[in-house]
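There are 2 protein chains.
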Amino acid sequence: MVSLKELGERELVKNIRNIIRHPPGLGPGDDSAVIPYAGGDVVACVDSLTFDRHFPNGMTYEEFGWMAAAVSISDLASMGAEPVGLLAALTMPADLDSGSLYDIMAGMDACAEAFGTFVYGGDTKFGCGSLACTAIGSMNGRKPLLRSGAKPGDAVAVTGSLGSAAAEFVAIANGLDVRFPARPLMAPVPRVREGIALSASGAVTSCIDLSDGLAEGARSVCAASRVGIDIHSAFLPEGEGVETVSSAAGISKEEMMLYWGGDYELLFTFDKKKMESLYDRDVEFSVIGIVTNDDAPYINSEGIRKVMENGRH
Amino acid sequence: MVSLKELGERELVKNIRNIIRHPPGLGPGDDSAVIPYAGGDVVACVDSLTFDRHFPNGMTYEEFGWMAAAVSISDLASMGAEPVGLLAALTMPADLDSGSLYDIMAGMDACAEAFGTFVYGGDTKFGCGSLACTAIGSMNGRKPLLRSGAKPGDAVAVTGSLGSAAAEFVAIANGLDVRFPARPLMAPVPRVREGIALSASGAVTSCIDLSDGLAEGARSVCAASRVGIDIHSAFLPEGEGVETVSSAAGISKEEMMLYWGGDYELLFTFDKKKMESLYDRDVEFSVIGIVTNDDAPYINSEGIRKVMENGRH
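Keeping their order, the protein sequence lines are chains H and B.
Each residue of the first sequence is one higher than the one before, counting from 1 in my numbering.
Each residue of the second sequence is one higher than the one before, counting from 1 in my numbering.
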């Protein structure tokens with residue numbers, strides 16, 4: 001007998017993949033699955049949030065619903081898919097106020113609306129408080145962006161900026177008086193438009209979302225693509241509030257930008273020869289490093305090169 | 001403040017539908033949603049099972065996994081859709097033996113295999129023990145079968161037989177020595193082939209699966225189609241074990257066939273003028289009644305006609 005906790009999530013997921021048959025198309029192992037389908041390829045993914053683990057202090061029920069949708073939509077975005085529908089499976093405590101449940105669904109619907117789609121259905125049961133959001137997307141003829149495909153020499157880039165979600169978390173946990181009007185931690189905005197543009201560019205060789213942090217995302221790309229990545233600290237685009245919170249709480253900016261999750265930006269690699277096509281597409285991104293023929297993600301900071309350890313938070 | 005329990009599941013679901021925007025295609029309210037999509041229509045649904053409520057005595061972990069897949073696949077079957085992929089969202093107790101989780105996934109994969117499809121992905125989190133299975137299907141150009149569409153004068157029919165799942169439940173609950181080799185309660189077999197044939201026939205005007213029992217299914221068709229249904233007790237196809245368990249436990253056969261769920265047969269209505277096309281398709285079914293211009297489902301038994309109340313189990 002080995003309990004799930006002893007085994008750990010990563011080992012567990014690996015073992016499950018060895019138990020179930022390997023599907024045609026693209027099965028488990030990337031941000032979303034790609035299901036071969038008569039009229040094209042359906043992209044689909046599911047993610048669960050639980051009241052216990054994903055409902056931090058300061059979050060509203062509406063934000064919890066938004067978050068559930070955003071997490072799954074982000075998994076579509078990292079493939080370059082356009083969301084076409086959401087499904088919600090709720091297990092909710094029988095003594096929950098019904099208004100709280102309506103707020104959750106209103107938040108989920110608001111996120112669906114922000115990305116041009118709808119909540120198509122779902123299921124509600126009494127339980128401990130979990131919300132599994134399935135997101136279904138369409139490639140509209142584009143090729144899906146995978147974690148595999150990065151080649152030595154490709155540039156490494158990231159959309160938007162890093163560390164704001166971590167900064168908001170630290171600010172709340174430490175009672176710091178720093179405002180985050182955009183609510184990066186509580187109501188992240190998945191990079192759908194950017195993902196579609198990246199896949200349409202033909203220049204991008206791999207992509208992943210940064211829900212688990214930059215170090216963890218880079219590690220996944222290295223493993224799937226069998227490459228190394230060298231990132232340069234000086235190039236990291238610093239998110240709002242990172243500087244202030246870093247000083248106030250005594251946590252390094254690099255720590256928040258590399259090792260904390262929650263940013264929902266896209267980390268991607270691209271063929272430098274096709275850079276023009278990428279710059280034509282009106283996507284805001286920063287080049288932060290290069291793909292190497294090593295086998296792990298490294299961070300270069302003030303002349304020191306070290307492996308980025310797995311996400312710590 | 002009104003708690004979810006005070007409000008009840010039906011009222012809750014109705015209210016949620018008023019909160020979220022109404023999607024194009026077919027949204028909440030039928031067995032599955034139909035999502036308009038570039039290359040055709042994607043059919044999708046999600047259902048959750050929880051350890052607390054859906055893991056009866058005598059069920060194995062493998063059967064729990066099979067059941068989760070079967071319940072969702074049945075929701076595709078009742079639309080006439082062919083399954084093209086499953087996703088699994090698990091929240092599992094951290095102290096669960098990992099072998100039990102593998103059994104769940106093996107059971108889910110076995111059910112996927114039985115219906116020609118695969119588990120394409122999922123998500124595993126620590127939680128109280130819930131499994132949300134998303135099933136994605138394709139109509140392959142056929143028209144989806146809805147709950148609405150039944151017309152007065154249509155015949156009412158049901159696939160397979162009724163009451164075996166209830167009989168197995170009662171047998172286990174009462175420690176009766178009755179064997180159910182097919183495990184109708186623990187490992188139901190959704191009517192996928194039948195659903196596809198029904199939708200291809202062009203004769204079927206409405207359809208629903210009987211997960212919640214015949215009375216409840218008939219009530220849903222009446223409400224969605226704005227019709228009545230008259231069912232004749234003598235025509236009900238009796239499942240294996242129903243007679244034996246009925247005598248041994250002192251529960252009427254009608255009770256088990258009408259009011260208990262778990263049979264996963266399809267209840268459908270069809271245009272009698274197109275009956276030939278239905279009989280050509282090698283589907284085993286029984287005609288059990290007729291659609292009326294009343295507004296509720298009735299059962300006729302030994303000369304007495306009475307409304308079928310909502311499912312009691």
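Be aware that a few hints might be false.
Treat identical chains as interchangeable: a pair holds within one or across any two.
With a cut-off of at most 20 Å between alpha-carbon atoms, the simulated EDC-like pairs for lysine to aspartate or glutamate come out as follows [unchecked claim]: (1) K5 - D177; (2) K272 - E284; (3) K125 - D52; (4) K14 - D95; (5) K253 - E6; (6) K5 - D103; (7) K5 - D294; (8) K151 - E254; (9) K125 - D212; (10) K5 - E243; (11) K14 - E238; (12) K125 - E11; (13) K273 - E243; (14) K253 - E238; (15) K143 - E9; (16) K14 - D97; (17) K274 - E309; (18) K5 - D95; (19) K125 - E240; (20) K272 - E255; (21) K273 - E302; (22) K125 - E9; (23) K125 - E6; (24) K253 - E113; (25) K14 - D103; (26) K273 - D95.
Read the hints as simulated data drawn from the structure, not as lab findings.
| Same-copy or cross-copy closeness of K5 to D177 [CA-CA at most 20 Å] | neither (36 Å within a copy, 39 Å between copies)
| Between K272 and E284, at a C-alpha cutoff of 20 Å, which is it: within one copy, between copies, both, or neither? | within (16 Å within a copy, 62 Å between copies)
| Which holds for K253 with E113 at a C-alpha limit of 20 Å: within a copy, between copies, both or neither? | Answer is neither: 34 Å inside a copy and 49 Å across each miss the 20 Å cutoff.
| query | Quick one: K14 to D103, C-alpha cut-off 20 Å, is that within a copy, between copies, both, or neither? | reply | This pair counts as between: shortest inter-copy Cα distance 15 Å, intra-copy 36 Å.
| query | Under a CA distance limit of 20 Å, which applies to K125 and E11: within one copy, between copies, both, or neither? | reply | Answer is between; shortest inter-copy Cα gap is 13 Å, intra-copy 30 Å.
| Alpha-carbon proximity between K151 and E254, which holds within one copy, between copies, both or neither at 20 Å | For K151 and E254, the Cα distance exceeds 20 Å both inside one copy (26 Å) and across copies (67 Å).
| said: Regarding K143 and E9, is the shortest C-alpha distance of 20 Å or less found within a copy, between copies, in both, or in neither? | reply: For K143 and E9, the Cα distance exceeds 20 Å both inside one copy (30 Å) and across copies (42 Å).
| query | Is the C-alpha distance from K273 to E243 at most 20 Å within one copy, between copies, in both cases, or in neither? | reply | Close neither inside one copy (35 Å) nor across copies (75 Å); limit 20 Å.
| query | Checking K5 and D95: alpha-carbon separation at most 20 Å within a copy, between copies, both or neither? | reply | between (29 Å within a copy, 6 Å between copies)
| request: Could you figure out if K14 and D95 sit no more than 20 Å apart (CA to CA) within one copy, between two copies, both or neither? | output: Answer is between: at 18 Å across copies they meet the 20 Å cutoff, but 37 Å inside does not.
| Between copies, within a copy, both or neither: which fits K5 and D103 at Cα up to 20 Å? | between (32 Å within a copy, 17 Å between copies)
| task | Go through the copies and call it for K5 and D294: within, between, both or neither, with a Cα cutoff of 20 Å. | result | neither (32 Å within a copy, 57 Å between copies)
Checked against the numbered hints above, the structure breaks hints 1, 5, 7, 8, 10, 11, 13, 15, 17, 19, 20, 21, 24, 26 and satisfies the rest.
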